[in-house]
Amino acid sequence: MKLIHDMKGGLLTVRLEGELDHHCAMDITARICELIDALLPPRVRLDCSKMPFTDSSGIAVVMRSARAAQGIDSRFTVAGLCAQPMKVLRAAGVDRLVEIEEEVHI
Amino acid sequence: MRNELNRVVMRFPSKSINEGLARSGAAAFASQLDPTLDELGDIRTAVSEAVTNAIVHGYKDEIGEVIMTMKLFEGDEIEIVISDKGCGIPDIDQARQPLYTTGGAERSGMGFTIMESFMDSLKIKSAEGKGTTVTMRKRLNTRRYR
Numbered sequence: 001m002k003l004i005h006d007m008k009g010g011l012l013t014v015r016l017e018g019e020l021d022h023h024c025a026m027d028i029t030a031r032i033c034e035l036i037d038a039l040l041p042p043r044v045r046l047d048c049s050k051m052p053f054t055d056s057s058g059i060a061v062v063m064r065s066a067r068a069a070q071g072i073d074s075r076f077t078v079a080g081l082c083a084q085p086m087k088v089l090r091a092a093g094v095d096r097l098v099e100i101e102e103e104v105h106i
Numbered sequence: 107m108r109n110e111l112n113r114v115v116m117r118f119p120s121k122s123i124n125e126g127l128a129r130s131g132a133a134a135f136a137s138q139l140d141p142t143l144d145e146l147g148d149i150r151t152a153v154s155e156a157v158t159n160a161i162v163h164g165y166k167d168e169i170g171e172v173i174m175t176m177k178l179f180e181g182d183e184i185e186i187v188i189s190d191k192g193c194g195i196p197d198i199d200q201a202r203q204p205l206y207t208t209g210g211a212e213r214s215g216m217g218f219t220i221m222e223s224f225m226d227s228l229k230i231k232s233a234e235g236k237g238t239t240v241t242m243r244k245r246l247n248t249r250r251y252r
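Chains as they are written, first to last, in the working numbering: chain A, 1 to 106; chain B, 107 to 252.
So here's chain A without its partners, still in its complex pose (with noise of 0.2 angstroms):
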C-alpha cells in the first residue's frame, strides 16, 4: 500500500492507494500519526479514493489517525471511500463516530 500527503492551508491530505490489511495497517497508522504529529494541521482529510479494499484493519487505522487528530483538536474527515471499505466501516459504526465525506475536495 503506498500513502501520499499533502498539506495545504491547514488542511492534510492523507491519501491511502493500494489494499488495506492487517500487513501494512501498523505501518500505515503510524505514519499518519507521524505526519499529524509534525504537521499540527487544523484539519486532517484520509482519502480513500485509491483504496479499493479494507478489512477490519481499516477500522483501527481509521479510529487510531481520528484520535491523534482529535488530540491536536484537528477536524478529521475520511472521503472518497469505495464499497468495500464503506461497508467495513459501516458495519463496525465508524460512520456514526467520524465524518465521512462522500467524495473527494480538491
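You can trust all of the hints, since none of them are fake.
Taking lysine-lysine and the DSSO-like style, the derived pairs with C-alpha atoms no more than 27 angstroms apart in a straight line are:
no., chain 1, residue 1, chain 2, residue 2
1, B, Lys231, B, Lys191
2, B, Lys244, B, Lys177
3, B, Lys177, B, Lys229
4, B, Lys177, B, Lys121
5, B, Lys166, B, Lys121
6, A, Lys50, A, Lys87
7, A, Lys87, B, Lys244
8, B, Lys121, A, Lys50
9, B, Lys166, B, Lys236
10, B, Lys177, B, Lys191
11, B, Lys229, A, Lys87
12, B, Lys231, B, Lys177
13, A, Lys87, B, Lys177
14, B, Lys121, A, Lys2
15, A, Lys8, A, Lys50
Label-pair ranges, simulated between beta-carbon atoms:
no., chain 1, residue 1, chain 2, residue 2, range
16, A, Ile4, B, Ala133, 22 to 28 angstroms
17, A, Arg90, B, Glu110, 30 to 36 angstroms
18, A, Gly10, B, Asp197, 43 to 49 angstroms
19, A, Cys82, B, Ile123, 19 to 25 angstroms
20, B, Lys121, A, Asp37, 26 to 32 angstroms
21, A, Asp37, B, Arg108, 50 to 56 angstroms
Quick caveat, the hints were computed from the structure, so don't treat them as lab data.
No residue lacks a Cβ here, since even glycine has one placed at the ideal position from N, Cα and C.
The hints should help you fit chain B onto chain A, whose structure is shown.
Just chain B now, kept in the frame of chain A:
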C-alpha cells in the same frame, strides 16, 4: 449435504504478506460462479479476517501453516474453511464479541463480527494448544438466474 462440485486447497505459511494471496485465491475460486462485485467483496473480506486471525492469534509467536479449503456445492453455495494448528481460542463466545481482541493496537476486535455479517454462516471450532478451524458459507445469487 449438497453435492460437492469443486474443491481447491491452499496451504501457506502464516506470514502477513500471504493475507492478500489468500484473498486473491478465494476470489479466483468464487469467480466460477460469476458473483457480483459486492459478493466478491464480502468473500474477500471474510477470508482476510479469518486468515489474519490465524496469523495474529493462532500463530502469535511462531510461523505455522494455514490451510484454506474452498468448496463449491450444488445450489451455488461456496464454503471456505480456514484452519491452523496454533494456540487455539480459550473462550469462543468471548472472542466472538464485537470489539474483543487480544491483539495489538492495530486490531479492532471486529473480525468475527465482520465474518458473521458478510457471510451466510460462520462456525468456529477450537481447542487450546491444538488450533482453530473457521468454516464460512455463502450462497451466491449467481448472474445466470438474474
